[in-house]
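Enquirer: Hints are included, so try docking the two chains, each in its own frame, into the full complex.
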Amino acid sequence: MRDNMRDQVNEAMNRREFFGRGAAGAGLALAGTAGLRLGLGKGFAAESAFALDASRLGKTDPKLIRYEEVARFSCPDAAPSRLAIGADQRLYLASSKQVSVLSLTGELLRAIPVSSPARCVALGAEGEIYAGLRDHVEVFSSKGQRVASWESPGPRTWLSGLACGGNDIFAADSGSRTILRYDRTGKLQGRLGRKDAARSVPGLVAPSPYLDVEMGRDGLLRVSNFGRHAVETYTADGDLEMSWGKPSAGIEGFCGCCNPVAITLLPNGKYVTCEKGLPRVKVFSERGEFECVVAGVESFPENARSGAPSRGLDCTLGGLDVAVDAEGLVYVLDLVAENIRVLKEKA
Amino acid sequence: MAETSGNSSQPGTNRRQFLRDSARVFALTGIGGLLGVIGTRSTAKGYVWQIDPRKCVRCGNCATHCVLEQSAVKCVHSYAMCGYCQLCTGYFEPEPNGLNTGAENCQCPTAAIQRTFVEDPYYEYTIDEDLCIGCAKCVEGCTRFGNGSLYLQVRHDRCVNCNECAISKVCAGDAFVRVPADQPYLLKTTH
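Sequence order for the protein chains is A and B. Residue 293 is where the first sequence starts when you use our numbering, and the numbers rise one by one after that. Residue 71 is where the second sequence starts when you use our numbering, and the numbers rise one by one after that.
Do not take every clue at face value.
Capping the alpha-carbon separation at 25 Å, the derived lysine to any residue pairs in SDA-like fashion look like this [as the list claims (entries may be wrong)]:
(1) K538/A / L349/A
(2) K258/B / G467/A
(3) K487/A / N170/B
Keep in mind the hints are simulated off the structure, nothing from the lab.
Just chain B, same shape as in the assembly (with noise of 0.2 Å):
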């Protein structure tokens, strides 16, 4: 009788035990829910748009889709790579009436590329980023003339990093990819 009182005592443990470990599952499921929430939002936060240079294919939609009045998307120079020619196929149109600052002969529309003598025959090519806006026009010049050391990236002091980027929507090489913010440029140093 004692065993029978003690086998009818059991079930009843193992009811609230059974609740209480069932009502900890659901607690820890939830806190795990949060936290992977949390998590997965903090990662998206970690993430900024750029170019993959590689993929590009200077097709003119980052200076006419930006979200920004003036694209975040600029030409940048890797020296490393430049060969400071004087007859440089970035800066001047492909048939220049002379090698010389005229208007007529530079192909950036908006003057955004400084030419500056270092020594015969060599020259600097700056880009200045309050004007440049990323058509890229340079950037197929060089690349198809010259050592391609000129290219686009997203400039993240201006870049707002909307979720769905207007630019990404239309790239014509799908060159838009996500790169951790800690790591925001995709920098050419070789060809």
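Okay, chain A solo, but in the shape it has when bound (with noise of 0.2 Å):
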């Protein structure tokens, strides 16, 4: 009776042992078929046959960055373009909303609203505020009144760069490929960078709207003709100077199919470009020949992201820009991650 008994508990006890393990073993399978099929999904990317390796692109020789991050702030508004510093020792910065005026320690000084998204700004020898919007520039005062809008030049505009040099205006339309050339009043004087055999002119390449214009204190418009991988010097009257720039990944050369997407100009003349794709900031002599990096792409992980699989976004959708105070100070817009880097040249 007892061993009947004994029986029917170890067989009790079987029966909910045999339920708890295999609630626990169901448990376990659908957990592992959840990770394996996570894995796959994870996994299958980084182990593909087929998969692009970009990442040995990714990483900077630490001997070679000059420069190092002395400050950090966000932008005031939302998609930031492009970035200026006028003679007042002030950002400029253009965005979907308005040009911020800001301190060079990212202080808010003034919000002026634009009616469409600005994607330039440049400064007047006045303290006149030059703002490109899509297919035209728009002119507010020191003060943020606005005082005059231009007529648009045509239906492919498309504003991405901006440059005051003496009473001209120089406006980059990656759209028409051309430096649109304006006085002071909005009058259009001619456009620059047009391909001219006869001038040994190849013309401006735009693959998309990142054209770029500075002014150099010599005097002379220095452009970035993206899409050909290089840097050209025009007077103002269109005559091309000096070329320089190469295609490569190579920390010496310009990334990708079209960079660099922004330049500047330090006080000594030397350049400083950003690209895209790659987003890195470097300093090239006056002669375009590489020197030193100021912030390499591990400086910028959301904006080197963009192009990434799990963003659905292009590399249309990057990018930096950049200024340069009268102390040569680097400003460094990013984009992606809407905000402003201070960096300073390592003592």
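Expert: Laid out in structure tokens, this is it:
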């Protein structure tokens, strides 16, 4: 009788155990299946025989980095596109709803509303503010009052850079692949950069809206002919004086389909360039020889991922812009992270 | 009495009516169900598989998991978005020795991209679908470093429209969707 009872108890316990172990097993099986599915999903891309391995391009030799970050601040408005520093040593930031005037420490001093997204900005000799909207230029007083809205030069116009020099305002038009030369009243004086074999001008190539222009202290215009991976120097009349740059994913060249997307000049006349795809900021000599890295790909992790699979974006939605103050500090605008980094040359 | 007989005959008529009505209801339900089944089946035939290019993560599974010997997924090209670049990052390896059609410079494993000179410095890139295996290597290069004009689509002159697409089961980005057969492509026209 006792044996029978023991058998029954054992049988009851076995059943319980059976159900318990069964449930645990089913749970483990489910978890295993889910894990396998997740692993396949993420792992396959990395293990694919067809994977494009660009990881080695994201590493910068630390010896080449001669700048260090000393400050960083967020942009006050969404979708920033271009940055400029005026003679008043203030930052002017073009973005979706406004042109923001900031102190060099990032404090918002004034917000000048614009009717459509501002894509570029430049400062005149008397402090007037030129804002490039998609297809035309708007002029504001130094106090932020709109004083003029210039006529659009054409339906294909896509302004992406502005520079002032003397009585001229130069607007980089990615749509027509030319630099528009205006006088201060907004009258179109001419176009630079058109293909002209007689003047040995190869023509500007702009596969995406990043054509940039910068006025040097020598009165010559610097243009990022980024579809040719080159930086070109023009006179105000459109004569090509100099061209340098080469396509390369290596640090001494310009990577991807079209770079550099932004240029500026240091007080000593050297160039600072920005690239997209592999977001990096570099210094080149007046002759276009590579000198050093201001900030490598590692400095812009969010920007570097702009074309990554998980983002669902492409390279045309990333990019950087740059400006330099009188002290030689480099201000880098990250279009993806929507912040500005201040970098100083290491002692 | 007349009222009583009248009342007694009334329930008999009601029963008959009830049975007749019930039969009608059953018949209508059956016809409705049949129509529903037919309708659902015809709707299922009205959909095909497609890749949402915004979700595609260029994992390479399209090349290896299609039931066809050569995948029905092909790279397609949005010419309106293309920069016609001399250095096409979909065509060339990240660090090519030279910008020419040498095999060592090209990243397509089957040489399915044709590079044609247009005018200085523009080149046109065309996909040879007979060679393309849908591996997305060019799509990755174009999206990461270029304009993103190359992308993958299921080509319906080849796809056999399996009920359960073998690629969709392993798609790393859940980019496979069912779309109406009369609008079978999800084309990229802008960024």
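Enquirer: Determine which of the earlier numbered hints do not hold for this structure and return their numbers in increasing order.
Expert: Those not satisfied: there are none.
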